[in-house]
Every structure is written in structure tokens, then in C-alpha cells.
Amino acid sequence: MKRYLAIVFVLALAAVVAGCAGTPTPNSSATPAAPTALTNTPAPGTTGTPPAAPTIGQATSAPTTTGVVQLSFWHGQSQSQETALNKLVDEFNASHPSIHVTATYQGTYSDIFKKVTAAIAAGNPPDLAIAYQNDVSNYIKSGAVIPLDSLMKDPTIGFTAADLKDIYPTFIDRYPQYGNQVYSIAFMRSMEVMFYNADLLKAAGINQPPATWDEFLKDCAAVSKPPNEYCHELSPDASRFATMVWSRGGNLLSPDDKKVEFGGPAGLASLQLIDTLFKNHEAIVISKAFQDQTDFSLGKVAFTFGSTAGLPYYASAIKDAGKVKNWAIAPYPHTTPNPVVDLYGPSVTIFKTSPEKERAAFVFLKWLMGTGPDAAWVKATAYFPARQSTRNALADYIKANPLYGDALNWLQYGRTEPTTAAWNPIRGYIQDAMTAVADNKATPAQALKTAVDKANAALAGQ
Amino acid sequence: MSGFASLERMAHDRATTRNHISRRGVEWTAFLFILPAFVLIAAFHIFPVLYAIYISLHTGAINRFTYVGLDNYIRALEGADFWNALSVTIWYVALTLPATLVLGLVLAYLLYQPIRGRGIYRTIYFLPYVISTVASSIVWAWVFDPQSGVANLILQRIGLAPLRWLIEPSGIGQVMGAQVGVSLPGWAQGPSVALIAVAIFTIWQSLGYVTVIFLAGLTNIPGELYDAAHIDGANALQLFRHITLPLLTPTTFFVVVISVIASFQAFNQIFAMNTAAAQTLGGPLGSTSTLTVFMFDQLYTYANYGYASAIAVLLSILILVLTLVNFRALGARVQY
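Protein chains in written order, with the numbering used here: chain B, 1 to 462; chain U, 1001 to 1336.
The shape of chain B in the complex, shown without the other chains (with noise of 0.2 Å):
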């Protein structure tokens, strides 16, 4: 008798482990049974998008098991960013009984790439996932995720054209590597600009932030008082240098994403000027993270580089540390006619799961890029919004931030770095390129030879 109880025991046990595997995949049967046509909602406030059509069944904040789609949505937003993200997606579900959205924290971006391509190898990725180009390009490789032309052009849930006039071309990520198609979208961007203290500026002399790089390397040798203050602290980083290239009119990749172009006069420029700036003893570099940020807020140093998204925490450090009272922000000193901006952040990407699935995942991602949403998101996180006609809804919040305000006049000359997944480690190629330099470990020219050797073997492994 004991003998049979043991081998139940030990039955039971390796059911119960056996079952972990038991997850269904989005394919089983047991996923719940979709409506034949998904119908699409607009958003509170969204312009340019067909009258509103009849949803299914009655709203609910509840999901139900049948005639629901279940979508699962992971993203990195913490904090109160989950919050009003969460608050964006009760609203969706409560307006589209038809479609119930699941959004879980999954870590930082770099967390979900790792959680997704996991997921992939086991058969079971979400629905939705927020991604940086980048890993999309590698998601792309797996056949993971779809191509979102066709669903854009859709008739029913699709873009019109007054849409695709409204939402800003930068939001829309488009793979040259792969047919130049669509692969993911974003409902928020943050913009690479240039902080400057007034303070330290007005007292040099200086009225008014650098509008080309010769005026900046002007004001730093003006500002710079060593060891206390320094014209720049220096955060190595491939959007910087992005940007630096940019203003000086040169490309990062070839438009088929194949060949460096970076290497180039602009390029060298870029280098020689943060050469320059060490050489003078007119820079430092950063030696924890966010150092720029404390030492601007200090009043150590008159300009950093960085993302609007810091706006709020350098307002919150420069409150607290009381030193500097007139700091703003500005574009990039550039040689270009117009200012350029890098906006970046990450996108959000469907994957290859059901058509019914796939289409009730776009009409979240449409309805998260609507206007009200959109300015909801915008209040919430301080990012850009996606189309032109938020601005209007954003009236109070830009009377209150000013410089976000600023910062949207510039969202115009926005450009986005490349999605092919060799961006990856190209950027850390060019990091180590702009930290050879700044500590003498090689010339401009050297540093940028070598950078640009490695990201061209990075592009051909493609």
C-alpha cells in the first residue's frame, strides 16, 4: 500500500512540474475565440479619424474569457509612469469591450528585450512589447514581429490620411534593411538638446546660448574657470555624437542602413572639438551617472547635453541645490540652416501571434497615439507627443513648462537614429571613440578609424 501511495506521490510531483510547461501559446486553443471584425474606437478628443464606430458588447472594466481578446502589453514605465499608463489602459478596455489589454512592468528596456527574446525561443512573446529600433531589427530576424503597412492602411482600423498629416513622421519607424517597412511605432520621443546656466554665461559676457560650434568653443574658453567651473561635462554618448553630426550636416549610416557615413568631416569635427575642449581644460567627463546633471545644478559647469526627459530632474537638482538661478535650454549649436534635434526613445511592436490579435493590438496602438491619450501621456511624463494637434490640448502644461514648450517648437527638426540592430554596438564603438579622446588615448582621427572599422564589420554582419 505504501509502496502505491509513494508512486502516486512521486506521479503527482512530476505532474505538477511537468504542468509549468503547460503555458497555452497564443496559437492554443485555448486562447479565447476573437470577434470575425474588430471595430475601431476612436480616442477621447483624436482628430482625423472615422466617426465612431459601434463597439462590441457592453463596456466593462472587467475582462470576460469569451468574445474578448486578451492582449498582453509589456513596458518599461515605473513608478508614476506606470500609473498613467495603467490609467490610459483601463481607459482603452472601459471603451473597447471588445478588446482587453494586460499591461505588465517587465524591468528596464533592456530587461524586455531579454524577457522577450526568451519568450520568443519558447513559442510564447506577448502581444505588445515596448522595444528600442534596435531589438525590433532583431526581432524582425526571428520572424517574430509583423510588418504594420498593411494594418496602417487598413480601411476600418487603419491610418487616414489626415492622420498620417498629423502624427509626426519621426514617431513612425521605418526598417530600410527590411523593405523599408514599418515595424514599430511610438507614442513617445524625448529630445537630445543642450542645457546652458545663463548665470555663468552672463557673467563671461554672454547673452545669449552658442547658435554654431564655433561660438560654443568661443563661450567655453569665456567660461571656463579650472578646477571650479568648466565650460562642459561631458557624458559619452552615441545620441550626442549623433547630434554633433547631424549639425554639422553629415549621416550616421548610408539611407540603406549598410555603410558608415559617420566617418566623414562632420564626424571628425565632432571629435576634434571634444579634443579640443580637454586639451583647453575647458571639459570633464562624467564619472557617475548623471554627474553632468549635479555638477549643471552645482553651477560647476555652463552646458551639458542630454534628454528633455531629465527636464524635471534638473529643475528638482537646481531647486535643491539653490546655486543657479537662470538656466534654459537650446538645440545644438549647429553649421546646418536649421537646428537638428535627435529624438529618440523607444517604440512599441506587435507580434506574430493571430489576425485578430495582431489587428487588436494596432487599434491599442492607434488609440494610445489619439489626442487625448496622447496628451494625457505627454502631462504624465513630460515626453513629446506624437501628432501636431496635441499641442492644442497642451495649452496649460506648456504655460507651465515653458522650456518643454520651447523644446516643442524644435520637435520639427526631429531626426532618429538608424533601427538596424547593428546600431547596438555601434553605439558603444562610438562611446568608446568619444572617451578615447576625451582621456588622450587617441587622436580624433585614430579614434573615429577605429569606430568606424568596427561598426562597418558590425553593418557586413548583419
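If you want the footprint, here are the derived chain B segments under chain U, 3+ residues with CB under 8 Å:
id : segment
1  : 133-142
2  : 288-301
Some chain B residues flagged as far from chain U (calculated, every beta-carbon gap over 12 Å):
id : residue
3  : Lys-87
4  : Asp-149
5  : Ala-204
6  : Ala-309
7  : Pro-337
8  : Pro-339
9  : Asp-406
To be clear, the hints were calculated from the coordinates, so they are not data collected in a lab. Glycine residues also receive a C-beta, built at the ideal position from the N, C-alpha and C atoms.
Take the given structure of chain B and dock chain U to it, following the hints.
Below, chain U alone, put in the same frame as chain B:
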């Protein structure tokens, strides 16, 4: 029962067992009892190892692999990056392992003495081991801050020039040589200052673990041996040299084997310190890129799954060989 009767009984039992097995076959119940553990080990240990070996023979994206034979291994062994990572790893092990072992033994010996507040000291020395690596790395990034860190304050107090610590990719020999106007050749420049800073953090963190293990070893040494040696007139050094060290060899052997494996697998400390110092993975100009860091980078930055797996397999082989060497070289000297 006499000794002879006992042996006779054991022989009878064995014969009975043999007969039992031969009559009824294998005891399948026993296998069923170990099945749950086997399933877990097979799923989470054996399968990943075999899958990593499988992926190491392929290239391409997840779920779209192409067989390439040993290409990834050849690429690793012919590539400068792999050898650079191996060199950094060896420096890292050389910096952390001897220091941790010696300091751990000395601390354990001191904490073994009947001193007041011994329990508190033991807790204090063990604390770094249980504190979150991420949390402590942030504190250590402040310690190594080039502008206002405690490490530079100490250097300046003793008349040395400050260092850039976690953001300095140059070799310590090069940096020190430059302070006195001497330029050293490449081979004499030693590990990067950034790697030394990470090694100091690692020693601080792992010291408590090694100390506790040595303490456990010390408590197993019979006190009568020390009493007898005292009566024979042995001094403290002789006690340590002729009683403590020989009888501690099983513990020392265990600590060496475990520490060598842990050092070659070290990742968290390097990753956390690189992040705290706002550096890319691998530190300034790759100067803290050990094999594990290099492997991680290939996996998640480059998405080179096959190549990263090949590096993992090579690292496993390296650790296996070193462990066998340890067993051969030290195992015979252990006095049980």
C-alpha cells in the same frame, strides 16, 4: 555480538539483497523517488547546458539558426577580443583570489581568538556578503569618485596623486609611472586602474564569506592539539604553522576550488560597478571586460547567440580544467 558474527550478518544481508534484486528486478520505486529531482535538474541544468552547446554550433537569430559547425569556436580563438577578455579575467582572478584568501584566513584567525565583541565583529565582516551588490556598488562608486571620493582623499593624505579609478582605462603601471616621469612598455603596465577598483570592491564583498568558511574550519581543529603544543613550548607562530595551517587544509582546498570557480564566473560586481560609474558594459574602453562580461555583451548587445554560447562553453572548459588542476595539485596535500 562478536565482530565475526557481525561480518557474517553483513554478508548475509548483502546476499539477501542481491537475491531480492535478482528475483524482482530493479527497485523501480527508488527511481520514482528521485524522478522529481531528476526532472528539475534535467530541465534547469542539463537541458540548458546541452542547448547552449547546440546553439554554439549555430548562427543566426532566435528560432532561425543555421548550423556552422565549429566556426564560433574558431572565431573566438582567433579573435583579439576573446583573448583580451581572457587576459582581463586572469588579471581579475590574480587581483582578487590571493588577497581574498589571505585576508580571509587572517581575519578568521583573529576572529577565532577569544576577544570581546567577537560576535559583533563576525557579523560586521559578513555583512558585505549579504548586502545587495547593486546597493553597495553605488556606495563604492562614491568612494572611487575622482573628484570627491574617499579613495583619492586617502591617496592624497599619503602623498600620492589622485586616480580616476572606475573611469581610468590605463594600466596601473602606466599611471604610476607617469607620476614619476617613467614610461613603461605595454607588458609592464599591468591591469587597468578601473579593474583594480572593481577588484577592491569584490575583495570587500567576498571577504566575509571566505572568513566564515575558514572560521568553521578553525572550530573543527581539536583544542587538545594546541594544549599539547603549548606544553611542549610552541609559540603562536609555530602553533599556526604546524597545527592550524595543516589541519585547515581541507577547508583551504574547498575555499580555493570554490573561489577559483566564482572568480572566473564573476559578473555582478563588474556589471554593477560599470553601471554605477556610468560606463558601458566592460568599463572604460573595455578595460574591465572579463569573459563573462564579454559573453553577456555578445548575447544582449550584439545578439550573437551562437558566438556567446561558444564563449560560455569555452569558459566552462577552462573552469573545468582549472578545477581538475586544483584537485591534482592541492588535493594530495590535504590532510584529513
